[in-house]
Amino acid sequence: MFRLFKNKKFVLLFVTIVLLVVIGLSSIQNSKINHVGDIFSTVLSPFQRFIGFSDKKINDFFAHFEDINKLRKENEDLKNTVDELVYENEKLIDFKIENEELRKALNIKDQYSNMDMIGANIIAKDMGNWFDIFTIDRGTKDGISNDYPIVTNRGLVGRVMQTDLFSAKVISIIDEDSSISARLSKTSDIVVVKGDRKLKDEGFCIMNYIPAEADISVGDKVETSGVGGIYPKGIIIGKVKEVRQRTNQLDRYAIIEPLVDFRRLEQVFVLKESNINNNETSDEDK
Amino acid sequence: MKLKIIAYTILIFLTVLIQSTVGDSIKIYGVRPNITIALIVIVALIRNGTEGAIVGFCCGLMQDAVSGMVIGFYALMGLYLGLVIGLINKRLYRENVLIAVFLTFASTIVYEYLVYFFTTFLRAPLDFVYPMKNIILIEAAYNSAISIFIFIIVIKMHVRFKEYDKNSRRY
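Residue numbers (our numbering), protein chains in the order written: chain A, 1 to 286; chain B, 1001 to 1171.
Mixed in with the good hints there might be a few duds.
Straight-line Cα separation of at most 25 Å, DSS-like style, residue types lysine-lysine; simulated pairs [stated by the list, open to error]:
1. K8/A with K1002/B
2. K1004/B with K1090/B
3. K1166/B with K1156/B
4. K198/A with K239/A
5. K1133/B with K1027/B
6. K1002/B with K1133/B
7. K32/A with K141/A
8. K32/A with K9/A
9. K6/A with K1090/B
10. K1090/B with K9/A
11. K1090/B with K1156/B
12. K96/A with K6/A
13. K1027/B with K1090/B
14. K6/A with K1002/B
15. K79/A with K91/A
16. K8/A with K1090/B
17. K1004/B with K198/A
18. K1133/B with K1004/B
19. K1027/B with K1166/B
20. K32/A with K57/A
21. K1002/B with K1156/B
22. K1027/B with K8/A
23. K1027/B with K198/A
24. K1004/B with K6/A
25. K56/A with K1027/B
26. K1004/B with K57/A
27. K70/A with K57/A
28. K239/A with K186/A
29. K1133/B with K9/A
30. K56/A with K73/A
31. K104/A with K91/A
32. K96/A with K186/A
33. K8/A with K1133/B
34. K8/A with K96/A
Worth flagging that the hints you see were computed from the coordinates, not collected in a lab.
Input sequences plus hints: build the corresponding full structure.
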């Protein structure tokens, strides 16, 4: 038996078969074998965090000198915007109160409101060029587990794919493996937003299964539909950039421009359910 | 032996760390370089196939842990890349930078095509021109440029290892 292990070809065959088995096992979701990877990523994550931190500090230092004039101008603009927004905000608060009352009257449960937001930094990005997966500095220690949605203040980013103790891997919505049940805000038609390999580099996704009678035009907003149970209802994904036709009139697809800028993403929020009731609502949606 | 293990561990660790953090900010035309390929090719070229395969396996495993979908895929790819380069290195004048650059270029193309093929062929129609034009060629050129720096590092390590071996033999 030991003589066999001295033969290089046998060792190679053995390692190959073991790796193929591991690939097979780890492709099952939530399988135990993924904890092998946790060892490495747990060791790496403090270093990644450090490099990410110092990278940002260095950039900030150099940006400091360039930005003074820009900041002055921006400050003036922002002050004007703040005034406008304060006015608008007051109006919106009235609407909010009205909305809440109406919701209560109609007994609609809001999926978004009973979720906690946990801030997280992006500490590493995908190593290859084929996928768009990144690592955040929150893990099971912070109560994060698989399939939690990731957002920024602008809109949807993706979902948690795998969790380790101190870090978690996030698959973004522009990755080819991601597909989301979405809804056109204007007409409430249910569509599917998927990542696409060619559009990924520009940061766009593709929208499929558009109903034939749906009235869709450039600039329409797209949000999550709440169907499927991963993403809560009503998170903005992006807007329609272009509507294209495939072979016939009925078969259409659209290019979606996400509101989130994936190239300049640094901080994100993890949406965490704060009570169990939420699960029931999403189950009902299925 | 101990020296080798420590040196390779540091080298692999640093490569994966740089690749996963700084990789995104050194993009050219939207393409990241793949330093691990250059490292595996050059170790297999200058040292031998066995060491190349081991370094490839470890690099791949780290890559799987950091950014892979499944555990073992990149490890397998790295293992075989190291082995194949190790098989042809005896016929080449291995201490020539140009050979390292050329081999990195060629193996990036093969490696990335295989990754593309295995991750795509069961779920989407394959398209061979688009990835070649937009990702693989640029990445191959970028990797070749990086391979020069790695070549210098690995040659220095190679000389050290040789001296170390000689000293321990005389003893």
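Task: Structure versus earlier hints - violations, ascending order - done: Checked against the structure, the hints that fail are numbers 6, 8, 12, 13, 17, 18, 19, 20, 22, 26, 29, 33, 34, while the rest are satisfied.
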